Each structure stands twice: as structure tokens, then as C-alpha cells.
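**Student:** What follows is the residue order along each chain.
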Amino acid sequence: MIIYRSHILVCGGTGCTSSGSSLLMDRFEQQLKLHQLDKEVSLVKTGCFGLCEAGPVVIVYPEGTFYSRVKVEDVDEIVSEHMLKGRIVRHLVYHHETEEKEGQSLNDIEFYKHQDRIALRNCGVIDPEKIDEYIAFDGYKALGNALTKMTPQEVVDVIKASGLRGRGGGGFPTGLKWQLCKDVAGDKKYVICNADEGDPGAFMDRSVLEGDPHAVLEAMTICGYAIGSDEGYIYVRAEYPIAVNRLRIAIHQAREYGLLGKNILGTDFSFDVHIRLGAGAFVCGEEMALMTSIEGNRGEPKPKPPFPATQGLFGLPTNINNVETYANIPQILIHGADWFRSMGTKRSPGTKVFALGGKINNTGLVEVSMGTPLRQVIYDIGGGIPGDKQFKAVQTGGPSGGCIPESLIDVPIEYDSLVEIGSMMGSGGMIVMDEDNCMVDIARFFLDFTVDESCGKCTPCRVGTKRMLEILDRIVSGKGEEGDLERLEALAESIKDTALCGLGQTAPNPVLSTIKYFREEYEAHIREKRCPAHHCRELLHLEITDKCRGCTACFRVCPVGAITGTAREKHSIDVSKCIKCNSCIEKCHFDAIIKV
Amino acid sequence: MKSLQELEQIRQETLQRINLRREDKGNEVRVVVGMATCGIAAGARNVMMAFMTEASKRKLNHVTISQTGCVGTCRFEPMADVFVPGQEKVTYVNLNEKKAARIVSEHIVNGNPVREFTITNQGVDAEKGDAQ
Chain B
6 MIIYRSHILV CGGTGCTSSG SSLLMDRFEQ QLKLHQLDKE VSLVKTGCFG
56 LCEAGPVVIV YPEGTFYSRV KVEDVDEIVS EHMLKGRIVR HLVYHHETEE
106 KEGQSLNDIE FYKHQDRIAL RNCGVIDPEK IDEYIAFDGY KALGNALTKM
156 TPQEVVDVIK ASGLRGRGGG GFPTGLKWQL CKDVAGDKKY VICNADEGDP
206 GAFMDRSVLE GDPHAVLEAM TICGYAIGSD EGYIYVRAEY PIAVNRLRIA
256 IHQAREYGLL GKNILGTDFS FDVHIRLGAG AFVCGEEMAL MTSIEGNRGE
306 PKPKPPFPAT QGLFGLPTNI NNVETYANIP QILIHGADWF RSMGTKRSPG
356 TKVFALGGKI NNTGLVEVSM GTPLRQVIYD IGGGIPGDKQ FKAVQTGGPS
406 GGCIPESLID VPIEYDSLVE IGSMMGSGGM IVMDEDNCMV DIARFFLDFT
456 VDESCGKCTP CRVGTKRMLE ILDRIVSGKG EEGDLERLEA LAESIKDTAL
506 CGLGQTAPNP VLSTIKYFRE EYEAHIREKR CPAHHCRELL HLEITDKCRG
556 CTACFRVCPV GAITGTAREK HSIDVSKCIK CNSCIEKCHF DAIIKV
Chain Y
1163 MKSLQELEQI RQETLQRINL RREDKGNEVR VVVGMATCGI AAGARNVMMA
1213 FMTEASKRKL NHVTISQTGC VGTCRFEPMA DVFVPGQEKV TYVNLNEKKA
1263 ARIVSEHIVN GNPVREFTIT NQGVDAEKGD AQ
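Chains as they are written, first to last, in the working numbering: chain B, 6 to 601; chain Y, 1163 to 1294.
It cannot be assumed that every hint is accurate.
Now the stretches of chain Y that chain B is said to cover, found in silico as 3 or more residues with beta-carbon under 8 Å [said to hold, decoys possible]: (1) 1167 to 1177; (2) 1258 to 1269.
Cut-off 25 Å, straight-line C-alpha distance, at most; resulting in silico cross-link-like pairs (SDA-like, lysine to any residue) [what the hints assert, rightly or not]: (3) Y:Lys1221 to Y:Gln1167; (4) Y:Lys1221 to B:Gln381; (5) B:Lys90 to Y:Arg1192; (6) B:Lys44 to Y:Gln1178.
None of these hints come from the bench; they were simulated from the model. In this text, all values refer to a predicted model and were calculated from it rather than measured experimentally. The beta carbon of each residue, even a glycine, is placed where N, CA and C say it ideally should be.
Could you build the full structure based on these sequences and the hints that come with them?
**Tutor:** As C-alpha cells, this is what we get:
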């Protein structure tokens, strides 16, 4: 066995891969060989480190040096300076303007300091394509203990005692779910992992699958043992090629080691897992639709009851959990329910992973204890809003969630507290909005998404959301009428009450929450035909103020000839011709052109 | 794989390889080899490889071997500092592969610094040699 003196970890998550991390791998390999360092320095491709904003990310151990935005050209310098001579390449080390001191290792960085990592503990630490590395970090230990030292009921009891709730968004107690399925009599049961992550801007599950696929496999096997099942399915979107590939490798390795398949670890218990690729329909994240899709049918939900625990996949008892829920299971079994309860709040123990996006400095993946205030996630971890803009709202829960205004930003993040303020935890998407975002348009965007993704099976969702979208379209184009808000609210309430599945029942949430907290913005659109955020094009007018010196710069850049005027005299814009492309604003040296 | 023991064995073996990446490295012993131009010219690379081979052979997963630049006493290269937690750092000079192997077995494993290779002894001898 060889011990390397140094490890170079290159992020192989989707974010960093798309900014070129595989080219970095090749260059590192070549440079290490060139300097004859390949016998002493090990090169590892890992899962997502979380700080996607700073990607591609490279971490060098034992120092824990955090290099960010590494380009192929920088690799030569890192190898010849850091690897060969032991000198850290300072100018490539991650350093954020909001931080006073230079962050050299992971724990010096604000972004990581406030996080507690359970589901993401191995992401960016191990090579996800090597089962041995997972095993080294206590992998498959929980499974071993469960199979040899615990009865299925004891396993369920631990999960129940931990208070773990479904991380897919609903927050249903996981232990109870397992118990329900366990208590159903039957020779054949199924375990499903829901990896059909569909919320726009959310990538928590993808990162877990990419960074730590064995954790999910181990947890599914444990679940199989607990409920009495010998077969599992992972339903993952085909748009996640890296995740799918690493899952395949992981399943293959686990089978070779006898950790999946017949007589696992020499016991009587057998379990195997299959992958099913989803074609990217949002509704297939709904559990009934997902199972219909696995069965080979068109992905459409069914009325509940019967619930999956009694009649799920192929009409047989089924337990279905989300990726992140599973990722917590092995850790709970190793450290115990009390350890898990020591994090988070009484009603929502543990941690939650969020995909932080939108108008935020540190776009990326964060895992925080439940009960952490939104403010801490946005300002301390997320690094605040770029460009000194004013924070306006944060959207949680994707198309099913709602917008939370600044006045509620100190609310602790928990399932129940978010529902109380009209949003929801959701799977963990968190989109930050600043003063330039129009809340009416945000609501319209999410509704547009659900109209597109509605499967069409039930009328409230198929027709109702479409009617709501038409009203919103009218409002943002300046054709809103008195009574539109009331119509929207009435439609929303009846869709919530009558839609068949979660997709329809939650689709009106973005509209309802924005009406609740930003009613004046809707009213400005309807009554004054004005967009306070200057976002909606059809309600926007450009005006030249007295600051104009008549330099003709705007005149020359305007693509439609809407600006007229002579040199050294104030120009004017012909509103009927203007297409609001904003080119003139960018060109003006005197800030003389404003949006009204 | 048939048993928990086999799983544990894989765990232990792999842990040695990747222990470097853990936050809590426990009572970590650090060996820092001078790898500036002067050190490399004097053969520091072979010395470092010797440290690594010896640590691998003995499965010393609490030892990290890293490198540093020139400390200014180029005539004593190859040099290495050994940091054992709770003890003073020991600086070894004029190293070669054999000496490195002895340092691992006597100092790191058995806890007895190899006095004859340290800067205080070797350095004084070298000074005398220079004077003559």
C-alpha cells in the first residue's frame, strides 16, 4: 500500500465540470508526471464542495489549501510551486471581499464556518468512484451493525426516535413511514429513492448522488432490511449524467463487495437496486406519478389513498424517500438518535441542505442546522447581495413554495415555521431576490413553470393554473383590471383544495405569498400601470433627464432610432419607438437616462 | 465480502491512505523536508521518498510528510524537521535515505530522537570541519 504525502482534490461536481474541471484533472496528471511527482502526490476527483460560485475548486491536503476559479494555465504554477517547492500559490487561494482575513483552509472560510454537514459530509472529501474511500469514512458500518446486531424493528425505532422528517419537502416523519410499510403484510415490498429533483435552481440531490452515492445505496439497503424488502429502485433524471454514471459505478462496486445482492455480509438478507431514468417531467417527482413511471406508464399521479405503504409500485407495499433523507440514515444509525436530535430544533431535528442561488454572492450548496435563521444563511454563508443592492425577498420551496419578505427574514428555518408564513421547506431551493426583481413577474415565472409541467390529468391544475397565468400575463403587460387580485385568490384557493396531487395543490403558493407580502406591487401594476422594480418591459418608460449634456452617445447606440436631439442639447426618447433594450442607459456617461 | 471483519480491514487500510484529508488527524506527527533548489540539488527528493516509503511500510497513518522552502542553512541540506505533538521540534541535517529510515523507526516509532543526525551535533561537527 502506498501512502501519498499530498492529495490534490479536484471538484468533479456538475458545476465545476461545466467550468472545466476535467481539463484541470488532465493537466494536473500531465504536470505531476512531468515533475515526477506522480508517486508522491495523489490526484482525486471528488463530488461537489458546495461553493460552486468559486469553481472550479481545487483543495490540497495536508494543508487544506482552498484554490478557487482555477484555470488550466494555473495548474502548472500550483504543481511547480506548491507541489514541488511547498509554497502555497497565494493569488489563487480563495479570498472573498466580505472576509477580512485570507481563508487558507476550508474552516477559515465564512461559507463553511456556519455549516453542519451530515448529508454532505463526504461530498468533496472522498472519491465517489471508490467504494474503499466511502468505507474508510465509516461507510457500510451502519448496514453491518443493523444486519448483525439489530432487529428490523430496532432499526425503525432508532429512525423514529431521531425525529428525521422527509427532506423532499413534505416533512413526513421517516420512521413512521417505515413503520407503516413494515406493518403491512406481504412477501414482496419495494424501496424507492426519489431522485427526480425538478425545482428550478435546486441541485441538492444531484450533489449527494455525485459526491456520495454509496450513502444512498447503504441507506436503501438498511431500509430494505427494516421493512422487509429485497428490491429497490432509484428514480433519477436523465439530465444528471454524472450522477447516473457514479450511481452505476457505485452499484457495480457494492455488488462486487457483496454489499448488494444475495446474502449481504454473509447474512440471510438479500437486496439489490436498479436505476430508472426519468425523462425530466416535474410531475414525476410526485411519488404516485414516479411509481407509475417506473411501471412503464405515462407519469401521472393517482388519488390517495391507497398510500404507497399499502399499494405502491406494481400494487405492492412500497417505501419511498428522497435522496437527502436516505443520506442521513447511516449517520443516525452510527451516532444514535440523541446525537441527531442534538442538532436542529425540537420539531425539526437535524440539518437541511439548501441550493443557494439568485442574487447572492456565494452561489452554492449549504447544509445548516434546522432552526438557523434565513438571515444567517443569506448574509453570513451566502455573503449577501452583490452590487450593494437591497434585499427584497427569498423564495424557498421552488414552484411549490412562497416568497418570504425582508420583515420575516429572521424566522428560523423549520418545516412548520415556513408553512406558517405561507412558504414551505420544499426540497431545498433557495432563490434570493433583490430590488430589481418584480414580485409579480416572479410569481408569473413559477406559474409558467407549473402550467408547463402540469400533467393534465385533473382539471383544477390543467385549466386553473392556466387561467391564473393568463391573469398574471395581463397584469405584467399593463392590462390588469380591478378585481384581478380577488379572482387570482379565489382561483388559487379552489385549486389548492381540489387538485389531485402535490403539484397542483401547491402551484398557487408563489402567487398567494407574493400577493400577501407584496400586494402594493400588484396594485401598482394594475392601477398605475407601473412596475416599481422597473422590470416589466411593457410598463417601463425610459426618460432623459436634465443631466443630459447632449453628447449623442445614446443617439448613436439606439438600434431603433428612438432618440432624437442635436449635439450639446438635451435629447429626448420617442416612447412609441423605444424597445427598452437599455443600450442607451449603459452607454450614457452622465447617468442621465432613467427608468420610470 | 463475507464478514464485518473484512469490511473493517478495508476501512483501516484505506483510512491510512486518505487520513491526510481528515479534519481531526489526531496526534499527528509532521515531517517537513526542505525542498528548495538547494535541498533538491543535495538529494532531498530521495530523502522524502524514503520517509514516505518507510511510513507506508510501517502503516503509520498519523504521519504527514510535507515540504518547505529554504531555511537558509543550505550547506546542511538535505534537512528535515520532525514535529511530534507535545515535544520540541527536532531538526535533522545532512540526510540520506538510510538516515531517513532510521529517523522513522527510532524517533517516530520508538520516540527517541536520533541525536547523531540533529543540527546541534552534525552542525557543530560540520563547523569544525569547515574550520580545519
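**Student:** Please verify the coverage claim for the segment 1258 to 1269 of chain Y: does it have three or more residues whose C-beta sits within 8 Å of some C-beta in chain B?
**Tutor:** violated (count 0)
**Student:** Can the restraint linking Lys44 (chain B) and Gln1178 (chain Y) be considered satisfied, given a maximum Cα separation of 25 Å?
**Tutor:** holds (16 Å)
**Student:** Can the restraint linking Lys1221 (chain Y) and Gln1167 (chain Y) be considered satisfied, given a maximum Cα separation of 25 Å?
**Tutor:** Holds: Lys1221 (chain Y) and Gln1167 (chain Y) sit about 19 Å apart, inside 25 Å.
**Student:** Between Lys90 (chain B) and Arg1192 (chain Y), is the straight-line Cα distance small enough, at 25 Å or below?
**Tutor:** holds (17 Å)
**Student:** Has the segment 1167 to 1177 of chain Y got at least three residues whose CB is nearer than 8 Å to a CB belonging to chain B?
**Tutor:** With 6 residues close enough to chain B, the hint holds.
**Student:** Lys1221 (chain Y) and Gln381 (chain B): Cα distance at most 25 Å?
**Tutor:** violated (43 Å)
When held up to the earlier numbered hints, the structure conflicts with 2 and 4 and fits the remainder.
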